[in-house]
Amino acid sequence: MISVNDLRKSFGDIKALDGVSFEAQDGRVTGLLGPNGAGKSTTLRILYTVLKPDSGSATIDGIDVVAESLKARSQIGTLPHASGLYPHLTARENIAYYAKLYGMSCKVVAERVQKIIEQLDIRDFADRRTKGFSQGQRTKVALARALVHEPRNIILDEPSNGLDVMATRSLRALIRDLRSAGKCILFSSHVMQEVAQLCDEIVIIAEGRVALHDSAEGIRNRTGCDDLEDAFVKAINLAGTPL
Amino acid sequence: MNPLRTVFVKEVRDNLRDRRTLLSALLMGPLFGPILFAFVINISLKQSLSDDSEPLDVPVVGREHAPNLIEFLKSHNINITAAPADRAAALKAVKTGEHDLVLVIPETFGAQLADTIPAMVEVISDLANTQAQRQSRRAVRALRSYNQQLAALRLRARGVSPVVLRPLNIDVVDVSTPSGRSALLLGMLSYFFVFALLTGGMNLAIDSTAGERERGSLEPLLCLPVTRDQLIFGKIFAACLFMAVSLGLSLVAFYVMLKFVPLEKLGMTPNFGPGVVAKAFLLFVPFTLLGASLMTLVASFTKSFKEAQTWLSVVLLAPTLPILIVSILMVRPSTELMLIPSLSQHLLLVGLIKNEPVNMLHVLVSVSGTLIIGGMVTLICARLYRREGLLG
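Protein chains in written order, with our numbering: chain B, 1 to 243; chain S, 244 to 635.
So that you can see chain B by itself, here it is in the shape it has in the complex:
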């Protein structure tokens, strides 16, 4: 479970986060939705501990991300917005490198890497160097790398960026699988349809604040818009005034 409590963060004069609070439950997919620059990535970056909040707190399974950042990091699998691979290493080696850094013993590493390769259907290109991989292949390897330690919490920053239809579909299927396995999944996106299809809960962020937090159905009801996209726009315009 991921819980975020009144996060604030400024970069110079720019207020990126202005009191963001929400919870993402286990066994559910929570979508962080918002226009560009709304604060989605900043929130996620604080959660996976590469940024520190100015104030407020966030916990992963009850572990504070600032006070116990190393421990918190081992509880999450992360796919940041930029998820580059090492081009001179094969897909398998890329994944194994992370597995080792997650603290697995050499014996377990090979086993787990093989398992995630099967699970994400990477077998065909697992032993090729990642230089020249397609965006879809890259994302799969990056995802495998993030999931190799079987984390209970998964944070994905715009995972479907640059993916074609087939790759997006298989990503969605994977996220559903992870949900059925009881994981807590938090991902950001600015694509309405994706969020609508996949998420149990939607957190709409605008101007560094949570504008709305509800299910897709709830959002439609509360904004009075049938179309989710209209609802999204309305929610953003109303940001700051509670609905």
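Don't take each hint at face value.
[Said to hold, decoys possible] Capping the alpha-carbon separation at 25 Å, the derived lysine-lysine pairs in PhoX-like fashion look like this:
id	chain 1	residue 1	chain 2	residue 2
1	S	508	S	289
2	B	183	B	71
3	S	597	S	502
4	S	549	B	131
5	S	317	B	52
6	S	597	S	522
7	B	183	B	115
8	S	335	S	289
9	S	546	B	131
FYI, nobody ran anything at the bench for these hints, they're computed from the structure. Owing to the predicted nature of the structure, the values given are computational and were not obtained by experimental measurement.
Since the structure of chain B is already known, use the hints to place chain S on it.
For chain S alone, kept in the frame of chain B given last:
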């Protein structure tokens, strides 16, 4: 496995597969120095050795005016060859480069000599051309000795001893040893070793910050349950390994190269056997930590691989400055100087090449001083790696 070791092993493996790194670490860096050195030495050998042993061809205009002088020149290993028709033609021939040197003896030569008026002889040459310069120097030397011989004869004819004209007897006593003389030339080896060492780790240093950031692999790496210190130390140590390999290769390359360069002909016997190679390696190896951390430090301020390369080429030159200054000022080694990295290694290496006894205090100060400074820069790198702005 310890995360630091995991990072180290991965960096080494990754870079062993990178053609760019291999080219610079294992080929360019180590071979650039020896090849350049062999090239320069061979050219200067050719120039200085060809001098007196080989006959010099000199075209002479008006040879019929001075038969004795011509005989004298011939006996001094100078071949008299066909010359342009007159002085004007000779000037033109030298200007166009047809001849390097033409000797012109005017018609009046015999008469002036007989009247004890200083007789005119012209050496026409283009002194901007080093080869011509050397030849004309040799021709003038021969003419001077003819001049002295005639002067001595004239004095004797007047009943004066020629010794009167030599109030001083100047003798220069050279106490330099062949290995000492070679130190002058081989002193520049230090630069090549430092250069090879630094180029060896350059790509790794760039990769650990600017490279990872540009590739987008830094952010996921920082999400792992590993401290940033462990990441940066692993990377710096991997760069150290590449630097050490590059240094070793460069030393061996020089050792092999020196076997093919006839330095003895220049009166030099370099003391650069396998023992010195091994000692030099041990003296320079502490510098790898400083080199790797310094390059990582500089690279961490840059935004891209290209920008990092530009700045690091400046870093490549930095360690040569103290070496250069000291070579010009001819400073003797002292304990304080051993605190300056790259300079201390240079001075100790020169000592080795000169075959001087090794001052263990100097070695100790050099090694520990360089390691301490390297350690401090490494800690600064770690600090920078911990800051939030690292992701850019």
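Pair hint outcome, residue 317 of chain S versus residue 52 of chain B [Cα-Cα no greater than 25 Å]: Cα-Cα ~90 Å, so violated.
Hinted pair residue 549 of chain S and residue 131 of chain B, Cα distance within 25 Å: 19 Å, holds
Holds or violated: residue 183 of chain B to residue 115 of chain B, with C-alpha atoms at most 25 Å apart: 18 Å, holds
Pairwise hint evaluation, residue 522 of chain S against residue 597 of chain S, where the allowed Cα distance is 25 Å at most: Given pair residue 597 of chain S, residue 522 of chain S holds - Cα atoms ~14 Å apart, limit 25 Å.
Hinted pair residue 546 of chain S and residue 131 of chain B, Cα distance within 25 Å: Answer holds: residue 546 of chain S to residue 131 of chain B is near 22 Å, not above 25 Å.
Holds or violated: residue 508 of chain S to residue 289 of chain S, with C-alpha atoms at most 25 Å apart: With Cα atoms ~10 Å apart, residue 508 of chain S and residue 289 of chain S stay inside 25 Å; holds.
Given hint residue 502 of chain S paired with residue 597 of chain S - CA-CA distance at most 25 Å: 17 Å, holds
Hint consistency between residue 183 of chain B and residue 71 of chain B [alpha-carbon to alpha-carbon, up to 25 Å]: 18 Å, holds
Pair hint outcome, residue 335 of chain S versus residue 289 of chain S [Cα-Cα no greater than 25 Å]: Status violated; Cα separation ~28 Å.
Hint compliance for this structure: hints 5 and 8 are not met, and every other hint is.
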